[in-house]
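Once you've looked at the hints, dock chain F against the given chain L.
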Amino acid sequence: MIAFTLKRLGSGVLLLAVICTVAYALLFANGPSIARNIVGDQATAEQVAAKQTELGLDQPLPLRFLSWVGDAFAGDLGRSWFGPITVSDALVTRLPVTLTLIATAMIFVTLIATTLGTAAAVKRGWIDRVVQVGAIVGDAIPGFVVAVVLATIFAVQLGLFPAVSSIAPGAGADAWIASLTLPVIAIVLNYVTASAQQIRSAVIQQRERDFVRTLRSRGLGDGEILLRHVLRGAAPAGLTVLSLQFVGLLGGAVILERIFAIPGIGQLAITATVNGDIPIVMGVVVYTVALVVIVNLVVDLLNGWLNPKVRVS
Amino acid sequence: MTSSDTSSKRRRSSVALRLVRNPLGAAGVVILLVMVALALLAPVLAPFGPNTAAIGNTLAAPGGDFLLGTDSAGRDTWSRLLWSGQLTLLSALLCASVAIAIGLPAGLIAGYFGKAFDGVSSWVANAILSLPSIIVLLSVRSAVGPSVWITMIVFGVMLSPGYFRLTRTAVLSVRNELYVDAARVSGLSDARIITRHVLSVVRAPIIIQTALIAGVAIAIQSGLEFLGLGSPQDPTWGAMLSEGFRNIYTTPMLMVWPALAIGLTTGAFVLIGNALRDALEDMPGTRLSVKALAGAATAIGTASAPVRSRIPSTVSVRTLAEPVDATPPEDAAEHLLQVNDLEIGYPDGDGGLKRVVEGVHFHVDRGEVLSIVGESGSGKSQTAFAVLGLLPASAQVVGGTVVFDGVQTVDPQRRRIADDRMRPLRGRRISYIPQEPMSNLDPNYTIGHQLSRPMVKLLGVSRAEARKRALVLLERVGITDPQRTFDAYPHEISGGMAQRVLIAGAVSCEPDLIIADEPTTALDVTVQAEVLDLLRTMRDELGVAILIVTHNFGVVADLADRVAVMQQGRLVEEGPVREILHHPQHPYTRALLGSMLVGREPLTPLTTTTKGPTS
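These protein sequence lines are chains L and F, in that order. So the first sequence is numbered by our numbering: it starts at 541 and just counts up by one. So the second sequence is numbered by our numbering: it starts at 115 and just counts up by one.
Excised from the complex, chain L in its bound form (with noise of 0.2 Å):
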């Protein structure tokens, strides 16, 4: 188990060097073509000439990405370009604000997926029918398309919910809950029906192993059955479809937070990436790799440890 689980963090921490070197060198290359970018076009050929000194462009790139890194070690990830804010504060402000909206989503969409999905596989009939149908819908029609129609329909014409999220700091439970809600209801609506697909497979494909039937035979209960041992065989395809789910919503988040009007990271990527703001942009790009990493390490202890066979070894 301790060489498993370092092998797998050995994979993430190089995936996370190699993202970085490639998304440095894709962002800062380019010198003179930012300063131009930050100081305007009126601008003379000299002030972008000290732009480019000012901001450190006219040192070669290798060097410049050794002492980024250097930085990065001691939790520096530079300053932003356009404003007196430090990339980390930028980035610390507005994860709880994405993190919730993600994190609160992907427990509705487990704990509905789960139970759709087992009482598609189990009971068979129209519930499996809604499931099957319900994924090709799901499929078909873009996520973030469903999230503009709810935001016209329940925010704007009926005025149920904030159009723009009243998340500030300070902001009370109330104002999370109100700005969160249709925007949580929008990702479940979107990704529920995959997932209960996927775990409906799982769960028929584990009914039938020939264990169940060995376990019926002892004497054992239905509801024991399905519990213990077809869920928890059934668990690490439902798990690894979730963790493909929430990586995936990582990427979401941007566009959801931009239609709902909701200040996390996703509204702060967006507004560098029109500014030119790269440090920040560099700054989303480590933020998401680094979740990217944790999360996948997650998943791989936790059906390591689902799996006596990675367990036990």
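Keep in mind that the hints were calculated from the coordinates and are not lab data. Take these hints with a grain of salt, some might be off.
[What the hints assert, rightly or not] Derived pair list, reagent style DSSO-like, types lysine-lysine, alpha-carbon separation capped at 30 Å:
(1) Lys-468(F) <-> Lys-849(L)
(2) Lys-582(F) <-> Lys-571(F)
(3) Lys-229(F) <-> Lys-849(L)
(4) Lys-663(L) <-> Lys-229(F)
(5) Lys-849(L) <-> Lys-547(L)
(6) Lys-571(F) <-> Lys-663(L)
(7) Lys-547(L) <-> Lys-571(F)
(8) Lys-468(F) <-> Lys-663(L)
[To be verified] DEER-style ranges, computed between Cβ atoms:
(9) Leu-767(L) <-> Glu-655(F): 31 to 37 Å
(10) Val-575(F) <-> Leu-635(L): 49 to 55 Å
(11) Val-670(L) <-> Thr-364(F): 48 to 54 Å
(12) Val-575(F) <-> Ser-706(L): 37 to 43 Å
(13) Pro-506(F) <-> Val-670(L): 20 to 26 Å
(14) Glu-764(L) <-> Glu-579(F): 15 to 21 Å
Here the structure is a predicted model, which means the values were calculated and not measured. We put the beta carbon where it would ideally sit given N, CA and C, even for glycine.
Showing chain F alone in chain L's frame:
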């Protein structure tokens, strides 16, 4: 033209036919064709250019010169919708092409040649798949500025792992097929083999994948444009949606049209992809097994409903007239288990019923070993599972009774074994030893847990007491280190040991009858003898009756008191073991015996070790 060319053409055209016959698939094709036609005809149909702005006519209502009105810059919505369709569909095409151009060759090389390239490319594919694409596309936009085309090329790269994995898996499975070996031996070059044999396998899944990916590409492209990250010059549905969302309070209809266009087009791609998959799964040789199996299971499930209502006409009056309550027939009280005229059938998919067991009649007394013998498909296992009440859900008990110690377990009205009558018997009175030991233990729980849990549940003993009993049982079935086996997981023990564990489980709640379904078939020959010895010991020491199902007369001679021979669902001969082995009456029994004992000095040494039926 060679015959294989024509046949593959015929197959392709029949897939196309199935696609169009599927109503959802046909709808998808029609929607997509309309969208493509509108996009292609944009220069003819659109009254204005995509960026032609009528300054005085911003946010105009539909009608007049502007079929669907204008946006906040005075641009005609209908014209922009058409031009956007062109760009959006083209970008989806570009995205899918890039993904195929990278993923397919990489998958071919990784799958066919393996080695270092496989390792590195698989890692890269996993890495790309683990990144949220919108974040990547945002940073690319930061680095190179707004461009639909660069965005779609990068997104194509991000989607290429899908094709890579698909191709690699297909190649791996094909590479070791015999016909590929034959092709290699006959001197075909690797390139020829790849194009001839491998590409023909991956073609179908790639078409499906492409339909689905085109939908994803349009969705993500629209999403980015919606965020306002596209170039303002390029008309796209996403940009129009964004424009509509900005004016949502004044002219909400501006949002409806692009949302509809995006929804319809991505939906069409998904419908086509799903319909293609269904069409290909119906074709022989291209089934994706798990999905196909699940589909088949639902098909059987839905088919059984009309079957049920039809059956009475095909069933004899005798079985229908039988009493519904659980009172046993006359002679049942003397026997531990009495099976009378049992008939089991399965829906055959055409509204009829295929009978696998017909009029089977036998009994088992306390402490007796009855062996049911027959070749595969003779209905012997079905009979055994009926006694256990563990027939598959689609099975129907069309007639007859099963009486265990005075309890009639067949529910003739529902045509199945009544679960409420069976539940108190299972494990406690009747238990089961399966054929394949390893697959009959849950790999996620220790042996100890699986052994002691039924004792806690059924006998009501404490967990400590159950643990003590389990250790005694393990020792009793001949396991030398009970504690270690108790703590072990199924993957840590051998098949022979697993079968001993399952026998221990079967006797743990001191049942009166054990149903053993080919208990030695999956084991090594030396282990087989030990397991038979163990079963005999259990019978002698615990007085438990055993109903053993087998195709092996060696097992019969070694263990059974009486034998019942089954052929094609019917009982053809039944009697004491010596009599059947020495004087078989039925030609099928003689054939079975003959096939197994040709040219050997048979039985006598074995039968002397077996207790006769009278002793």
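To see whether the hints hold, each was checked on the structure:
no.: 1; hint: Lys-468(F) <-> Lys-849(L); verdict: violated (42 Å)
no.: 2; hint: Lys-582(F) <-> Lys-571(F); verdict: holds (15 Å)
no.: 3; hint: Lys-229(F) <-> Lys-849(L); verdict: holds (26 Å)
no.: 4; hint: Lys-663(L) <-> Lys-229(F); verdict: violated (46 Å)
no.: 5; hint: Lys-849(L) <-> Lys-547(L); verdict: holds (16 Å)
no.: 6; hint: Lys-571(F) <-> Lys-663(L); verdict: holds (26 Å)
no.: 7; hint: Lys-547(L) <-> Lys-571(F); verdict: violated (41 Å)
no.: 8; hint: Lys-468(F) <-> Lys-663(L); verdict: holds (25 Å)
no.: 9; hint: Leu-767(L) <-> Glu-655(F): 31 to 37 Å; verdict: holds (36 Å)
no.: 10; hint: Val-575(F) <-> Leu-635(L): 49 to 55 Å; verdict: holds (53 Å)
no.: 11; hint: Val-670(L) <-> Thr-364(F): 48 to 54 Å; verdict: violated (38 Å)
no.: 12; hint: Val-575(F) <-> Ser-706(L): 37 to 43 Å; verdict: violated (59 Å)
no.: 13; hint: Pro-506(F) <-> Val-670(L): 20 to 26 Å; verdict: holds (25 Å)
no.: 14; hint: Glu-764(L) <-> Glu-579(F): 15 to 21 Å; verdict: holds (20 Å)
Consistency note: the structure conflicts with the earlier hints numbered 1, 4, 7, 11 and 12.
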